[in-house]
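> Put the complex together from the two separate chains, hints included.
Those protein sequence lines, which keep their order, are chains G and S.
The first sequence runs 1 to 248 under this note's numbering.
The second sequence runs 1001 to 1281 under this note's numbering.
The reader is advised that the hints may include incorrect statements.
[Stated by the list, open to error] Stretch-level coverage of chain G by chain S, calculated; a stretch enters the list once three of its residues show a Cβ under 8 Å from a Cβ in chain S:
(1) 25–31
(2) 49–59
(3) 71–77
[Said to hold, decoys possible] Chain S stretches covered by chain G per the calculated footprint, using a threshold of three residues with CB under 8 Å from any CB of chain G:
(4) 1048–1055
(5) 1107–1114
[To be verified] One side only, chain G facing chain S, incomplete, derived with CB under 10 Å:
(6) Y6
(7) Y103
(8) T109
(9) V222
(10) G223
(11) Q225
Worth flagging that the hints you see were computed from the coordinates, not collected in a lab.
Using N, Cα and C, we set each Cβ at its ideal position, and we do this for glycine too.
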Amino acid sequence: MSTPFYVSPQQAMADRAEYARKGIARGRSLVVLQYADGIVFVGENPSRALHKFSEIYDRIGFAAAGKYNEYENLRIGGVRYADLRGYTYDRDDVTARGLANVYAQTLGTIFSSAAEKPYEVELVVAEVGETPEGDQIYRLPHDGSIVDEHGSVAVGGNAEQISSYLDQRHQDGMSLAEALKLAVQSLSREPNGGEREIPAERLEVAVLDRTRPQQRKFRRIVGRQLGRLLEEGGAETATEAEDAEDEE
Amino acid sequence: MEANTRSTGRLPAAFLTPGSSSFMDFLSEHQPEMLPGKRQLPPIQGVIEAPHGTTIVAVTFPGGVVLAGDRRATMGNMIAQRDIEKVFPADEYSAVGIAGTAGLAVEMVKLFQLELEHFEKVEGTTLSLEGKANRLSTMIRSNLGMAMQGLAVVPLFAGFDVDRDKGRIFSYDVTGGRSEEQGYASTGSGSIFARGAMKKLYREDLTEEQATTLVIQALYDAADDDSATGGPDVARRIYPIVTVITEDGFRRLTDGESSDIARAILERRLEQPDGPRAALL
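Okay, chain S solo, but in the shape it has when bound (with noise of 0.2 Å):
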């Protein structure tokens, strides 16, 4: 069966027969050992030690979302990479954001956006965001005997719902479970202190730059706080990646833009560590 797909001979069956427009169903019917959560794990004693990403925040505003995320993975108590890249489109109207284990997280990305591609082009037509958020949840699902492992997956799904012309925000917990999210959400490990920081700085009416520098800000409070949450590197010149998706689909900050933010929010961090008040009352 396997050779058919690699080498030039006929479709197999099973790639012919009718059935579902879902890509992990096929893959699971025809070469269930390619879908990660089927994977035969040995036992395993311990805590195994991989590279984990840390905090990812979204924020809604009027007309779409934002979605962000810092840089550094981390492995124990060191720094295994500063440049990592933990936000990803999903498709033309979602983005996702991960936080766990770095290379469980970006094959399930990897599995999700094909999921959705797939989808679309045997349909013909996109799933509704709903739809897109409860297949996540589906593969964080088949994820939880790693999870179990230590090897924890817990994405924020981001995306612009066409039908309701809003955006929206899906929060994650291991064990697949999924909740809407209402204005601000974080998740990873210096989530805690992004929230409190978006919590004082949220309004329903902000602007997409307010956005933009709402979450750029959060991140600054996440990584402040939290060891595993890398802020901006000026030096190596490594900045958030900041997505917006709008009407117009997903768009991701290109480096000079989320540079400028970063840099202007430095400038007066120099001058108020604790970054912008809140009125008291």
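For reference, chain G alone in the conformation it holds in the complex (with noise of 0.2 Å):
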């Protein structure tokens, strides 16, 4: 019987770590940006039926990079989570904090346990509030650590880049198809220094709009709408009472 290598601690969760970052590197990236009335979730995504944001509950809203069988089972349990709790208290004691929490909780957990394979997602919460400095966006690395961030966010493969460029360029109180185009421009942009185009068929976008009536602040953008918003960031004349005659 040969005996087994000893690992350290921390060459293993290094050797983790790196599994689980390469995984996440293989998807696309995606980015979350405040805006003046809400909150914009915008990544490219061929596909229309396979969503990377979804709604969790009212005002919280959800976005993930990485293996879409991963991440779906989480925001499953995030929804059956929050359900739950706004089920057994009220809806106003579901918050994107202690959603964001738990999801640490659960990845931290899968991330040190020895029998399970590190998951290879990294997943941003974020919950709109009744103004801009209500609002809250964690973002959630594969290894359960949690960040607090503010105005933009990126995750995934080429994130870093993402966001620096975001961080330069982001400002509070644009409006929506400004903050659109400024999403769409970092995404489009290839680690190696070009850029290239991406269609709005292939652009998947949602938003957290505070100023929607319904108790359920989670939109989907689609189709004309999207096509008329990303007109308009491009042609700076962006006029919020347009905004509000597009609702669906």
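Shown next as structure tokens:
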């Protein structure tokens, strides 16, 4: 019988982190930005049915990069958590902070348990507040750490480069069209410095819109409305009145 | 297990297990005691006194459906509450009105709303109107034990069927038996009187305004003859809750809108206490 090799805990963790990071890097990046009336999620996604962004609860949205089956599992877990909590207490008692903590614990336990392979996912949990100051955005990397973000955040393969691009250009109080334009610009940048075009039909866009009269603030932006917003952002003639009329 | 949903620990395995898109199914596996139908009933003698809600009416019109309810809750011969709400949105395109034991009914509506929302979030698409109606059936059936003790809940479900492009109404009995109603329907203690009124006033080509007026006429007639149903309360400014569901989704009439209709009806009834007359032949 051979003696198993000794692997130091540091080395084991480093290997697992590298494994997870490589998995996440295979997928496309996505960005989450604050704008005047809420939070916008933008990503490149050729699929119409398999979403990267979704609604968790009234004011809470979810975005994920990485392995689909793993983040889908976490998403449904989050929906169940939120719905059960809202049913047990009250709808107001479901918060992004609580959800992010649960995700962090879940990812962290999986990451450090030798029996399980680490999840190759990176999540964003965002909650839109009554005012921009009340908005909350949490980024959750594969290892269960949790980062409280402001303004803009990017996750996925090319996240660092996109983040620094966004950090330089993102401003508070942007209109939706402006924020969308900035998001698309940031996603179009190649790691080697080049740029490529992302057609509108390959974009997945969703918002948490605080001005929406319904209790549930999550809304997907698709089709003609998306086209209009992209044009608007390009022409820099954004008017808030038109946005309101576009409600579907 | 239970502690995990309340503290901020790791999500329990049940949360991450692939399975049904139904919140009720999830709850029955994970925390069955939370489901109203799964509660253990102590032996009960006689009838339990609890506030009851009364009359709910619904009318379809080309392009949608109107669902309305009076505001009175009674306990025996006492008025328990004057401004109770018995008509609720179930989701964007449907609403449910509840007659019967108020406490259980409100709880059932809350769970029903959650069931539809949960399915929508998990699947990324909404249930069909039939699917929603069937789900409500299951919930009423699970309440049968309570119903046998006199704590029945009998809802009326109405919605806009986006696939068929029309408003539809479903009525239920205490055992969860479901039937689709054509044109108009009512439930609750004043429902026989309301139904009589609707039968005489209903036409297939009603406009939305006529349909909302019709339901308030019917509720007035129910309140006229059934002591458990409340009429429009002008002194306290409590008017029936009227909801309209069309292609554009669910809308509840503002207090101003329903008070305008109710006041116009009251005005007419001062001259004609029995309300509008239908032709004899």
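> Return the numbers of the hints above that this structure violates; sort them in rising order.
1, 4, 6, 9, 10, 11
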